[in-house]
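Q: Listed below, chain by chain, are the residues.
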Amino acid sequence: MDGYDKLVPSPTPDTQPYWDGLSQGKLMLQRCANCGKVRHYPRPVCDACFSMDVTWFQASGRGTVHSWTITHYAFHPGYKGELPYILLTVDLEEGVRMNAQARGIAESDLRLGLPVKVGFERVKSDLTLPVFEPA
Amino acid sequence: MSLHESGAVTGVGETKYLRGTDRSALSLQLEAALNAVRDAGLKPSDIDGLIPYGAGAVAEDFITNFGIKDLRFSATTPMGGASAVAAIQCALAVIQAGICRHVLLSIGRTGYSGGRIGTRVQQMPQFRTIGEFEMPSGAIAPAQLYAPMARRHMELYGTTSRQFAEIAVTTRYHASLQPNATMKNPITVEDHQASRMISDPLRLLDCSLESDGGAAVVISAPDVSRDLAKRPVMVMGVAEGHPDSPSAITQRPDLTTLGLAKAAPKAFAMAGVTHDDIDVAEIYDCFTYMVMCQIEDLGFCKKGEGGGFVENGALGLNGRLPVNTHGGLLSQAHMAGMNHIVELTRQLRGESAAQVPEAEIGLVTGYGDMGDGALAIMRRS
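Residue numbers (the working numbering), protein chains in the order written: chain A, 265 to 399; chain B, 1134 to 1514.
Extracted from the complex, chain B is given alone in its bound form (with noise of 0.2 angstroms):
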């Protein structure tokens, strides 16, 4: 049995992406969620499974404020920034059981004016191991985590900071097309290499964004999804995987490869598709290194390519891969990835402000805690 086409994105919603708010982050995962029902052409009500990111709304908020009378399912999926396309995963899984119709994926945060990544990441009990051997030494943030996978791939592989830089420009780019996008003035790779160093080798222009609002994602049955308001966006394959060591990167015995890594070959093998036949890709971009190091794990380029891989425009609406068309984590907003579901639905259905010609067919990763990964790949119908 295969997930292959068992459930279809039928409803995306977005509240305004800002920094600074003095909204709940309740509010704004159910704003988001509200939208996303209705861009389905459903009620609030019709929502019978539920699958939230770990914080900030649980299933009874939904229940409560969406007059839910027979929720079916609810459930987590802790993979960080790789959460919400796990959840996709774990959504067609209960749709092809018989158990739900319609399941919504939501997030909502104050991620600019509540606390920081650096307060939030000590709370996360994903984080306990390197909470007790590498934060009392000063290791703490994810850029501090993440940066020494940065430097290894550099020195293996002579990758360097303007080909970074080539990731930020290409995605502010995008950024500025995008009516809902916090960051929006065009930058240069100068303009990259002059951003302060925050952990060596990743500058302010490598980190992606703190941001608050809300983002969420109804997927339905494949039988009901014909009949809603937009076009249903098919899940042709999916898949999640787990790093080596992944409670610290530090132990893990390959630097440089991500859980991604084991999650792409199943996810293109269910979706029955080759790497040539992806129109377009959205790419957890935690930061810059990471949308590199996806690229080569999701197999469009050996291991230590990914820096020739992303120079020249590549990653453009008329490049070889066009990636992040949204603006991304480094310039839309930090919905942890539930933002570049959003977007990809609207590729596929050809309403992306930053639309990529003809995109017929698209991936999207998720990238989370210390090496999680998720993948799916989707079609227009």
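Here chain A stands alone, though its shape is the one from the complex (with noise of 0.2 angstroms):
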């Protein structure tokens, strides 16, 4: 898996158990530990109580799409061999949003509300990417 020469995440402390997660095929989000808000992306503060106590849970992967995007121009060389790729953005049960690539869907079955869960693909030793497959 050397030579990958795609863009890869630079986990900070806030955001590393997201991608520990994701390697071990779960996406964990954030819980405030005081109010119980979900939040995502992974980030040190609850906007709606100011509380910085986080616990981290495993969603569902279940949702819903809620727009999408057809790329047909790399703006990276690394994704050109992709091409063309379909970017779901995805309500998630649990209220909070996911941007990824879809696997197994066609153009033309995107609709809005169209339902789909997540999957996960490891890309290289160390980094697995959440992608979106039919539910």
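Bear in mind the hints are in silico, worked out from the structure with no lab data behind them.
A portion of the hints provided could be inaccurate.
[Stated by the list, open to error] Some chain A residues near chain B, calculated using beta-carbon distances under 7 angstroms:
1. Tyr305
2. Ile334
3. Phe339
4. Asn363
5. Ser389
6. Leu393
It should be emphasised that the depicted structure is a prediction, and the values quoted were computed from it without experimental measurement.
Just so you know, even glycine gets a beta-carbon here, dropped at the ideal spot from N, CA and C.
Please dock the two separately framed chains into a single complex, following the hints provided.
A: Written out as structure tokens, the structure reads:
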């Protein structure tokens, strides 16, 4: 898996549990330990009660399509071989959204509200990315 | 206390806009700034406040090159394409506070000859969240990040790609009238529809240019503005607005609403005008859809009605709301909206090459990053 030529994340102590979860095939989200509000993308402070106490929990991985784009142009050379690819913006059951590529979904199937579930692709030894598959 | 008419645009300047240069972004920025200062009838060393666009030149460059002996204020307004208009608010605030008399806003860039947008965004701190959570999946450039906003608008309201095309076609026509535009060949709706898909629903002709050049604006205190070379253009109202979830469009409660929706009521109230008073609008056009969305967020029509609003030449010089009379980012050049302020000033002086007859009051918007917005409303004097 050397020679991976795409963009890679630079996790911080605030976000590392999310990436660790993906590598174990789990979608981990943050929940405020004080008021219970779920938040994403991972960050230090709850915007509802301003608590910095947080717990991580495994999300269901189920959601519905909120919007999408189909990319036909590579803005980074590493993605040229994947063109065209579908990027889904998904409403997760837990009330937050995610953005990831679609797998096994035809362009003609795309519609608001389409049910999907998260999948996991190990793209290199130390990186697993989320994708969305038909639910 | 209000910033209403607490400053005026007194000078505007540009370089020749190009697609290909061997010059530095700094050189382009300084040339545009010199042109703006001269347009105002000032000496470069008269500048006592600086708000350069986030990249390309810093205050020290201007002090060194312009021989400024007593610079009293410098700042940046890091809001991407909203930076230039947001800088107007910043300039008015420091003028009203008595800190500065002549504030220079400037940009210089080698967007065509230097690093392209897909590379630049990876280095911008405002894109840090996206960089970690979306770019690895291949959602990298603004075209890809903004396309889902346009797609959702289409699905919810029946907005069509042909309506986006109306914006591209009108903007290109305006560019064809302008001496300093890089894309002057007229296009049709069919040309737009035949242009290649970049990130669906955004086609090539929905996307703005990558450009080399510079643009600059001088904003002066009202009491000194009247003695300068050109008739001052008064800033009647100005505001910036930051959207919900400003670091990630994905997490925004309403994908179809921008930060501009928060700025618009403030700027209109400060200006004391209504939408019917606006004779010309220079609207930040990184993509065609963004023009439509901002027309809605400005309040010219309801959310979802922007597609119908832009049809039938409504944005042309004789239309309901003349928009982007310089050709915009889509067809003149991508100067991050500084060129929109330059053009609004020319319209309100009556000196544009695509002049809206009797233009007395106009507006200019900025849009940047993940939805930051800014709005200034100005009048001729």
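Q: Now, for every hint given, state plainly whether the structure supports it.
A: Going down the list of hints, with the structure as the test:
1. Tyr305: Since the shortest Cβ distance to chain B is 5 angstroms, the answer is holds.
2. Ile334: Hint holds; A/Ile334 Cβ to chain B Cβ min 4 angstroms, cut 7 angstroms.
3. Phe339: 3 angstroms, holds
4. Asn363: 5 angstroms, holds
5. Ser389: It is violated, given that the least Cβ distance between A/Ser389 and chain B is near 15 angstroms, above 7 angstroms.
6. Leu393: 6 angstroms, holds
The structure fails hint 5 only (numbered hints given earlier).
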